[in-house]
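There are 2 protein chains.
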Amino acid sequence: MNRITSPKNGRVKEWKKLKNRKGREKAGAYIIEGFHLVEEALKHHAEVTDLIIEESMRIPNDWHTGNVTTWVVTEPVIKELADTETPQGIVAIVQFQKENHDVKPDGAYILLDGIQDPGNLGTIIRTGDSAGVDGVILGPGTVDVYNSKVLRSTQGSIFHLPLIRGDLNEWVPMLKEKGLKIYGTALQDGVPYTDERPDGGYALMLGNEANGVHPDLLEQTDLNLYVPIYGKAESLNVAVAAGVLLYGLKAAE
Amino acid sequence: MNRITSPKNGRVKEWKKLKNRKGREKAGAYIIEGFHLVEEALKHHAEVTDLIIEESMRIPNDWHTGNVTTWVVTEPVIKELADTETPQGIVAIVQFQKENHDVKPDGAYILLDGIQDPGNLGTIIRTGDSAGVDGVILGPGTVDVYNSKVLRSTQGSIFHLPLIRGDLNEWVPMLKEKGLKIYGTALQDGVPYTDERPDGGYALMLGNEANGVHPDLLEQTDLNLYVPIYGKAESLNVAVAAGVLLYGLKAAE
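Order-wise, the sequence lines are chains A and B.
According to this note's numbering, the first sequence is numbered sequentially starting from 43.
According to this note's numbering, the second sequence is numbered sequentially starting from 43.
Some clues are possibly wrong.
Since the list gives no way to pick out one identical chain from another, each pair is judged satisfied if it fits inside one copy or across any two copies.
[As the list claims (entries may be wrong)] Calculated cross-link-like contacts (lysine-lysine; reagent style BS3-like; alpha-carbon spacing at most 25 angstroms):
id	residue 1	residue 2
1	K146	K223
2	K85	K140
3	K274	K146
4	K274	K191
5	K50	K61
6	K274	K292
7	K274	K85
8	K140	K274
These aren't lab readings, by the way, just hints derived from the structure by calculation.
Everything numeric in this text was worked out from a predicted model, so none of it was measured.
With these hints in hand, go ahead and build the complete structure from the sequences.
Put into structure tokens, the structure is as follows:
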């Protein structure tokens with residue numbers, strides 16, 4: 043058993059760098075915290091390299107921690123690594139997901155253009171997982187998916203779905219070539235989602251909270267969908283819109 | 043024009059009390075901040091009593107501020123009253139919404155049992171507004187609707203919808219008596235929402251993020267609905283579920 047008592051330990055300092063996007067990109071790894079996320083990571087074969095637990099914490103016997111280095115640490119060490127105010131006493135270091143660029147021609151995908159709120163991004167990934175999508179493609183301008191607030195909001199769905207970080211201007215033609223239909227989301231030049239019945243694979247593009255999908259991308263879609271507003275609201279939250287659209291398309295298949 | 047330069051001014055101290063639930067309940071008033079929320083409040087005839095703006099701020103000529111006392115203040119005063127880190131230089135004091143207990147027998151309502159996350163509550167109200175519901179009934183155990191994070195997440199929908207704070211154990215029989223169908227949300231003893239076609243008015247009950255709707259309330263529903271999970275997620279975010287269910291019911295009407 044490896045022990046670390048001081049938050050000033052060199053290894054802790056290295057791990058702490060993963061709290062920033064730059065440090066994550068350099069190391070190709072990120073931090074998760076809390077019992078549920080760590081359990082989901084192990085269960086779904088994410089590449090967990092280090093499990094860091096507080097002395098008083100007990101982990102279940104059925105966790106497969108074969109290739110994982112376990113560290114028993116003090117509360118100050120956990121606090122140094124965790125992002126929440128009252129951490130649960132367990133964090134883990136996980137390697138970035140290996141990107142799988144295979145696309146199922148009859149699959150369903152989400153394309154994200156500039157989602158900026160971490161809670162929205164995490165909730166969209168969780169919603170896509172619930173609705174059975176086959177992958178999420180994160181365009182530039184979207185908040186880092188390995189940000190701790192995003193991870194928390196995914197509730198573990200980050201470990202269930204292929205995630206690809208890529209340029210949507212390249213992905214849209216590639217998906218079209220595979221035979222997928224590209225749906226944009228826009229109030230202008232769009233149709234209510236209830237008018238559409240998907241016939242084969244598709245990708246749904248969701249845009250920035252304030253500005254929506256970039257006009258250059260909207261021009262490349264096959265059809266733009268919108269969610270009708272029956273009351274006085276100006277718009278829906280983007281994660282709620284994702285749910286309404288994905289489930290609406292699913293029900294119409 | 044009324045001027046206040048010091049955040050220690052007695053009136054500012056009184057307003058500041060509205061940042062806590064206790065102070066709001068005592069005064070029957072709350073604080074809103076930001077240009078958009080204040081504009082929506084005025085436009086939809088919320089009872090705005092005081093408009094507090096920073097010296098450099100200009101308000102549009104078409105705002106109806108007839109019965110509103112306007113205060114020009116310094117930046118420290120705004121900071122004292124605002125909740126965001128970089129306030130927009132405008133806050134307002136608004137009286138609690140007068141509760142209207144009239145129920146439309148053919149209307150759609152949301153019943154909330156113990157929603158605890160402010161962002162979720164605000165987003166549910168915004169989603170209900172979008173989906174055209176006629177009111178939201180907030181059961182005890184639900185976070186205060188006049189909390190600043192809730193208000194921000196509603197994006198102004200707080201001013202578009204009747205809100206009632208009440209005991210769901212009293213409201214459920216009252217709504218039933220009016221002829222509304224009560225839908226619970228639960229995975230057990232439920233049917234997929236796509237199986238249901240509403241025929242008349244209804245109320246959809248949503249529960250606590252971790253524990254769902256209280257079993258005592260679920261026993262009083264006419265039918266329990268669930269959103270099918272097609273992937274590996276355990277559940278949907280409650281505001282996303284609200285969107286999927288409300289729009290699903292709307293499309294099936």
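Cα distance capped at 25 angstroms. Does K274 pair with K146 within a copy, between copies, both, or neither? So K274 and K146 pass the 25 angstroms test across copies only (18 angstroms; inside, 39 angstroms).
Classify it for me, K140 with K274: is the Cα-Cα distance of at most 25 angstroms met within a copy, between copies, both or neither? Between copies only: 19 angstroms across chains, 44 angstroms inside a chain, cut-off 25 angstroms.
How do K85 and K140 come out at 25 angstroms by Cα distance, when the copy is not named: within, between, both, or neither? within (17 angstroms within a copy, 51 angstroms between copies)
Intra- versus inter-copy proximity for K292 and K274 (alpha-carbon distance at most 25 angstroms): Answer is between; shortest inter-copy Cα gap is 16 angstroms, intra-copy 27 angstroms.
Can you give me the call for K274 and K191, within, between, both or neither, at a CA distance of at most 25 angstroms? Result: close only across copies, 20 angstroms inter versus 31 angstroms intra.
As a check of your reading, is K146 near K223 (CA-CA no more than 25 angstroms) within one copy, between copies, both or neither? Result: close within a single copy only, 12 angstroms intra versus 42 angstroms inter.
With identical chains treated as interchangeable, where does the CA-CA distance between K274 and K85 reach 25 angstroms or less: within a copy, between copies, both, or neither? Classified as between; 11 angstroms across copies, 44 angstroms inside a copy.
Up to 25 angstroms between alpha-carbons, please classify K50 paired with K61: within, between, both or neither. Within one copy, since 16 angstroms is at most 25 angstroms while 39 angstroms is not.
Going down the numbered hints, you'll see the structure goes against none, and every one checks out.
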